[in-house]
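2 protein chains.
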Amino acid sequence: MTTSNSFVEHKENNTIRKSIGNIIKSACSAKVIKKRLPIIQWLPKYNVTLLMQDIIAGITVGLTAIPQGIAYAVVAGLSPEYGLYAGLLGGFVYLFFGSCKNITIGPTAILATMTAKYVADYSPDFAVLAAFLTGIIALAMGILNLGFLVEFISIPVISGFTTAAAMQIAGAQLKAFFGLSGGSGKFFAESVYNFVRNIKTANLWDPVLGFTTIVILIFLKKVGEGCGRKDNFMKQLRWFTSLARNAVVVILGIVVAYVFKVTTDSEPLVLVGDIGRGLPKFQPPPFSTTVGNKTYIFSDMVQVLGPQSIVLPLVAILESVAIAKAFAGGIQVDATQEMIALGFCNIMGSFVRSMPITGSFTRTAINYASGVQTPAGGIFTGFLIILALSLLTSTFYYIPKASLAGLIITAMFSMIDYTIFPKLWTSSKRELVIIIFTIAICLCVGLEYGIVSGILLEAAMLLYSTAKPSLNIEIVKRENGDLIILPLTGNVSYCAAEHVRRALLQASQTAAMDSVIVVDGSNLKHMDSTVASNLMSIVKVLEKNSCQILFLNFSSDFKKMCLVLNPTFANKFVVASNAVELIDITQKNV
Amino acid sequence: MTTSNSFVEHKENNTIRKSIGNIIKSACSAKVIKKRLPIIQWLPKYNVTLLMQDIIAGITVGLTAIPQGIAYAVVAGLSPEYGLYAGLLGGFVYLFFGSCKNITIGPTAILATMTAKYVADYSPDFAVLAAFLTGIIALAMGILNLGFLVEFISIPVISGFTTAAAMQIAGAQLKAFFGLSGGSGKFFAESVYNFVRNIKTANLWDPVLGFTTIVILIFLKKVGEGCGRKDNFMKQLRWFTSLARNAVVVILGIVVAYVFKVTTDSEPLVLVGDIGRGLPKFQPPPFSTTVGNKTYIFSDMVQVLGPQSIVLPLVAILESVAIAKAFAGGIQVDATQEMIALGFCNIMGSFVRSMPITGSFTRTAINYASGVQTPAGGIFTGFLIILALSLLTSTFYYIPKASLAGLIITAMFSMIDYTIFPKLWTSSKRELVIIIFTIAICLCVGLEYGIVSGILLEAAMLLYSTAKPSLNIEIVKRENGDLIILPLTGNVSYCAAEHVRRALLQASQTAAMDSVIVVDGSNLKHMDSTVASNLMSIVKVLEKNSCQILFLNFSSDFKKMCLVLNPTFANKFVVASNAVELIDITQKNV
Numbered sequence: 001m002t003t004s005n006s007f008v009e010h011k012e013n014n015t016i017r018k019s020i021g022n023i024i025k026s027a028c029s030a031k032v033i034k035k036r037l038p039i040i041q042w043l044p045k046y047n048v049t050l051l052m053q054d055i056i057a058g059i060t061v062g063l064t065a066i067p068q069g070i071a072y073a074v075v076a077g078l079s080p081e082y083g084l085y086a087g088l089l090g091g092f093v094y095l096f097f098g099s100c101k102n103i104t105i106g107p108t109a110i111l112a113t114m115t116a117k118y119v120a121d122y123s124p125d126f127a128v129l130a131a132f133l134t135g136i137i138a139l140a141m142g143i144l145n146l147g148f149l150v151e152f153i154s155i156p157v158i159s160g161f162t163t164a165a166a167m168q169i170a171g172a173q174l175k176a177f178f179g180l181s182g183g184s185g186k187f188f189a190e191s192v193y194n195f196v197r198n199i200k201t202a203n204l205w206d207p208v209l210g211f212t213t214i215v216i217l218i219f220l221k222k223v224g225e226g227c228g229r230k231d232n233f234m235k236q237l238r239w240f241t242s243l244a245r246n247a248v249v250v251i252l253g254i255v256v257a258y259v260f261k262v263t264t265d266s267e268p269l270v271l272v273g274d275i276g277r278g279l280p281k282f283q284p285p286p287f288s289t290t291v292g293n294k295t296y297i298f299s300d301m302v303q304v305l306g307p308q309s310i311v312l313p314l315v316a317i318l319e320s321v322a323i324a325k326a327f328a329g330g331i332q333v334d335a336t337q338e339m340i341a342l343g344f345c346n347i348m349g350s351f352v353r354s355m356p357i358t359g360s361f362t363r364t365a366i367n368y369a370s371g372v373q374t375p376a377g378g379i380f381t382g383f384l385i386i387l388a389l390s391l392l393t394s395t396f397y398y399i400p401k402a403s404l405a406g407l408i409i410t411a412m413f414s415m416i417d418y419t420i421f422p423k424l425w426t427s428s429k430r431e432l433v434i435i436i437f438t439i440a441i442c443l444c445v446g447l448e449y450g451i452v453s454g455i456l457l458e459a460a461m462l463l464y465s466t467a468k469p470s471l472n473i474e475i476v477k478r479e480n481g482d483l484i485i486l487p488l489t490g491n492v493s494y495c496a497a498e499h500v501r502r503a504l505l506q507a508s509q510t511a512a513m514d515s516v517i518v519v520d521g522s523n524l525k526h527m528d529s530t531v532a533s534n535l536m537s538i539v540k541v542l543e544k545n546s547c548q549i550l551f552l553n554f555s556s557d558f559k560k561m562c563l564v565l566n567p568t569f570a571n572k573f574v575v576a577s578n579a580v581e582l583i584d585i586t587q588k589n590v
Numbered sequence: 001m002t003t004s005n006s007f008v009e010h011k012e013n014n015t016i017r018k019s020i021g022n023i024i025k026s027a028c029s030a031k032v033i034k035k036r037l038p039i040i041q042w043l044p045k046y047n048v049t050l051l052m053q054d055i056i057a058g059i060t061v062g063l064t065a066i067p068q069g070i071a072y073a074v075v076a077g078l079s080p081e082y083g084l085y086a087g088l089l090g091g092f093v094y095l096f097f098g099s100c101k102n103i104t105i106g107p108t109a110i111l112a113t114m115t116a117k118y119v120a121d122y123s124p125d126f127a128v129l130a131a132f133l134t135g136i137i138a139l140a141m142g143i144l145n146l147g148f149l150v151e152f153i154s155i156p157v158i159s160g161f162t163t164a165a166a167m168q169i170a171g172a173q174l175k176a177f178f179g180l181s182g183g184s185g186k187f188f189a190e191s192v193y194n195f196v197r198n199i200k201t202a203n204l205w206d207p208v209l210g211f212t213t214i215v216i217l218i219f220l221k222k223v224g225e226g227c228g229r230k231d232n233f234m235k236q237l238r239w240f241t242s243l244a245r246n247a248v249v250v251i252l253g254i255v256v257a258y259v260f261k262v263t264t265d266s267e268p269l270v271l272v273g274d275i276g277r278g279l280p281k282f283q284p285p286p287f288s289t290t291v292g293n294k295t296y297i298f299s300d301m302v303q304v305l306g307p308q309s310i311v312l313p314l315v316a317i318l319e320s321v322a323i324a325k326a327f328a329g330g331i332q333v334d335a336t337q338e339m340i341a342l343g344f345c346n347i348m349g350s351f352v353r354s355m356p357i358t359g360s361f362t363r364t365a366i367n368y369a370s371g372v373q374t375p376a377g378g379i380f381t382g383f384l385i386i387l388a389l390s391l392l393t394s395t396f397y398y399i400p401k402a403s404l405a406g407l408i409i410t411a412m413f414s415m416i417d418y419t420i421f422p423k424l425w426t427s428s429k430r431e432l433v434i435i436i437f438t439i440a441i442c443l444c445v446g447l448e449y450g451i452v453s454g455i456l457l458e459a460a461m462l463l464y465s466t467a468k469p470s471l472n473i474e475i476v477k478r479e480n481g482d483l484i485i486l487p488l489t490g491n492v493s494y495c496a497a498e499h500v501r502r503a504l505l506q507a508s509q510t511a512a513m514d515s516v517i518v519v520d521g522s523n524l525k526h527m528d529s530t531v532a533s534n535l536m537s538i539v540k541v542l543e544k545n546s547c548q549i550l551f552l553n554f555s556s557d558f559k560k561m562c563l564v565l566n567p568t569f570a571n572k573f574v575v576a577s578n579a580v581e582l583i584d585i586t587q588k589n590v
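Just so you know, the sequences run in chain order G and E.
Under full-length UniProt numbering, the letters of the first sequence match residues 1 to 590, in that order.
Under full-length UniProt numbering, the letters of the second sequence match residues 1 to 590, in that order.
Worth flagging that the hints you see were computed from the coordinates, not collected in a lab.
Where a beta carbon is used, it is the ideal one built from N, C-alpha and C, also for glycine.
Worth double-checking, as some hints may not be accurate.
Simulated restraints on C-beta separations [unchecked claim]:
1) Met52/G to Lys540/E: 51 to 57 Å
2) Ser390/E to Lys429/G: 56 to 62 Å
3) Asn566/E to Asp231/G: 25 to 31 Å
4) Asn566/E to Tyr449/G: 39 to 45 Å
5) Thr568/E to Thr49/G: 31 to 37 Å
6) Gly292/G to Asn566/E: 55 to 61 Å
7) Asn571/E to Lys429/G: 51 to 57 Å
8) Ala460/E to Tyr449/G: 40 to 46 Å
Below, simulated BS3-like cross-link-like pairs (lysine-lysine); rule was C-alpha separation at most 30 Å, straight line [unchecked claim]:
9) Lys540/G to Lys525/E
10) Lys559/E to Lys35/G
11) Lys544/E to Lys559/E
12) Lys540/E to Lys468/G
13) Lys560/G to Lys423/E
14) Lys221/E to Lys294/E
15) Lys423/E to Lys423/G
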């Protein structure tokens, strides 16, 4: 096989320096502006047919966005209208910056549950500031072109995180589902503990409605299977009812609660209750706030948000990119662009009291199924939410919390990828350890710690394998003593320095008297000063044992790296293109 | 060059599983006990000649260990006798477990400065508990065979940390050196700020004595150059005075202070003052303590020590291993053994109220220069310290703090490796960034954060380069359309998955109609499920574009990893030993 072409660019170790230069350059060119404002690409081709499709999809998504928004506001411990505020501007902003037509931006269960502890311990102002900071950090990461960071999160870690998040979110809903008294718990373990402790306080009607909700959701999902937007009317109806099933169960819940109220004048179900009416004022996010009688200025608030203010945008980006990948159909997803879009969505959102938002899997799937054509669909979802906020808040009073709990728990079941466990058991036990570790830390310490620990564990395992590059020693026969050749290939980094040193010492010990040890750098692509230092110290040790060592075909950079440590060893560096030439050189040198 | 032999063991990715098994096995065998108790190897060969040499070296080291111990106790903010307690047992314990004859265990400037904040904010009990925990963690790491972890710390990070520590330690001594009032500061920046702010409170005699101390130390160092233990009497005297120079300047300081006292009945110099007399009681370390009127139980104390309880043993191990390497003369240093030795030294030390201890560079150098033969030298250092604690504590009252400050500052100047900066500037700017970053974080945030950040930055850079393995596409000509071959070599991990995917998509876009893309796994040593998942999703994309793709010579493990995700692609995996065979296969398949 002859190498006739190598058109894949090969980046060397100076990429980091380069990329700093690139950041500045890339922020300016006209081509980049077009890339960073994807609307410029599709708007000129926009027409009425596309508009109609976007309207249908946008409204269908809205029918899920409203009940899910209310549900996730409840997950975050916020008043329900916050879930609608969070859905208000995402679509409008994503219209300009979004690169993936299917994605719908809004509140999600994971971000809501990560925001919950601030709301519980402090006030909703912290959720709004968290959205603002999430936006700022995501935008900054986008501008710094840090999209590649997403590549450092492997599938087992993402999957473990998602599974644990789903368990935690569902666990926290047990309280509402059974109408229990007491707290719900911030942890999965705590939720389960509280559930068991308070089980005796369970209401009759709440779990009945909750289970009914789940059954109806599963039924309606089945009903829509095999039906599509372009089928006959009956199938279309089944398809649409299935897509709007979240709205259906919430409306049913409202009807049940209202009937109870009217017929028996009682409220046996726990209801959502009063909802702030009307649209939020457009105003800057709260940079200072008062909780109880303590005033928090901006720096205090940031301190309260703590290290999680870094993890929130990371998770937001991750959710969005993962969803984009799932719906991109193999087309390249530009993580940097998603960072920029999410950044603007969250920043703008925080001006209308939104909690942190990102791409939602459920609603993106509905958007896709409804045949959305451009990110313009999001506008119509937004209009529907504005309508709901203006007209329907008094109706929302009657939403039973058990309906929302049923809705959330059902959504969570579909978030867990059950198949990954047997797959990894068969194919990669090491990765099974990673996913279980990630889930355990998520459930026992917290979601944010779990994802970070998972990433670090996997990175540590990778570094560990990097520390032991395979060193296959070759022996070249020579008249007066053999040549023992140790080829250094690819990247040999500081963590492999000791490994190389051990191999060389071992080689020198087993070598016969007249042998020459040759460190072959012909295929060495990267080394660092720790490796250079070890190589030079080895020379001294081997010289003490009167053992010859030579460095073959080291590039001028690597040679310089070694000689700067010990210039007297310049004569140890030789160049040869084949074995014969090398033998020649060694015979002259000895 | 023919490969006739490859005797360097090549570990596969299941090393982690293996090593857990090894831990249990390795803890038991007789051979390992001999390795883990190095005294068994050298004691049978011990004789009077060796004993005499060890006695001379031990006492010479003692003459530095006493003044340095007092000085480092002052650095930690402890009463001076703590520095002597810290030197008491190290030598006796290292005798059994130490693998490097030159190393002397005791208090060091870096560990003292890292302990200082606990003593300042709480009490000496925290320093003693820190020693105990350092011991427990170091021992646990040794038992778990984690010596390899040291290899993940590169020379730039170690050097940056040492430089920053030296600057911080010297900076904190400015107060004592100039006899200033006010605090000295926990940070380098804070120390310098306090120095400038309080400069007007400077004493006359303290800086005079301090500068004199430095001048004498430099002079005595020069005096000993070129002299050795086996020279004539005059040269021997010069050599010994030079080695004992730390004791000399402290004795001179004592004399000056005493003369002041006797002649003028005044104390114009700031003195060390009263020292606890006699040997400490042998008792367990404080597992609970009272500071002010608050009682801290064990868990509270551990919480106070915080994450630094992990960093302290790491730094202790690092110092010892770095010194062992410097004096091992190229012989393999067993980091695991050093962990075990340090573990026992610190645990035992905490029973006599020692602060955290490790190998000391200065005293190890003196030990080496004095011709020590076995770790038995440490016993005699220990005896000298016992003598000092029993008899000399009233003399120590007169030690001027400025003498100690001069001594510490001089020691710190020699700890900084000035040459590494121009070397890295010439040979590796990337590593220059790492060293400067490490120093900056150490000086501005804290030593423990600096070393951890440095390690993480370097690991991140390494992972980044791992994420972009070079993919050199080869084209094999065929009658009906070319074969585009993408070889995956070595380790292809999750962070490279996107890179591989991009390369494949790019290849498919530039390929002609009848081309077949072949992913060559012949030299693939490691892959994971994220890579497998990307490869399988690529197949779907390429099939949509009716582009052929084949997987060549994937090992059965890797094939299984892919097929568990999508069993229908089994026919895409082919085996061929050369180009002709491969062309045959592709022609059948198409």
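Quick rundown of the hints versus the structure:
no.	hint	result
1	Met52/G to Lys540/E: 51 to 57 Å	violated, 30 Å
2	Ser390/E to Lys429/G: 56 to 62 Å	holds, 60 Å
3	Asn566/E to Asp231/G: 25 to 31 Å	holds, 29 Å
4	Asn566/E to Tyr449/G: 39 to 45 Å	violated, 33 Å
5	Thr568/E to Thr49/G: 31 to 37 Å	holds, 36 Å
6	Gly292/G to Asn566/E: 55 to 61 Å	holds, 56 Å
7	Asn571/E to Lys429/G: 51 to 57 Å	violated, 27 Å
8	Ala460/E to Tyr449/G: 40 to 46 Å	violated, 19 Å
9	Lys540/G to Lys525/E	violated, 34 Å
10	Lys559/E to Lys35/G	violated, 38 Å
11	Lys544/E to Lys559/E	holds, 22 Å
12	Lys540/E to Lys468/G	violated, 35 Å
13	Lys560/G to Lys423/E	holds, 10 Å
14	Lys221/E to Lys294/E	violated, 49 Å
15	Lys423/E to Lys423/G	violated, 50 Å
In this structure, the earlier hints numbered 1, 4, 7, 8, 9, 10, 12, 14, 15 are contradicted, and the remaining ones agree with it.
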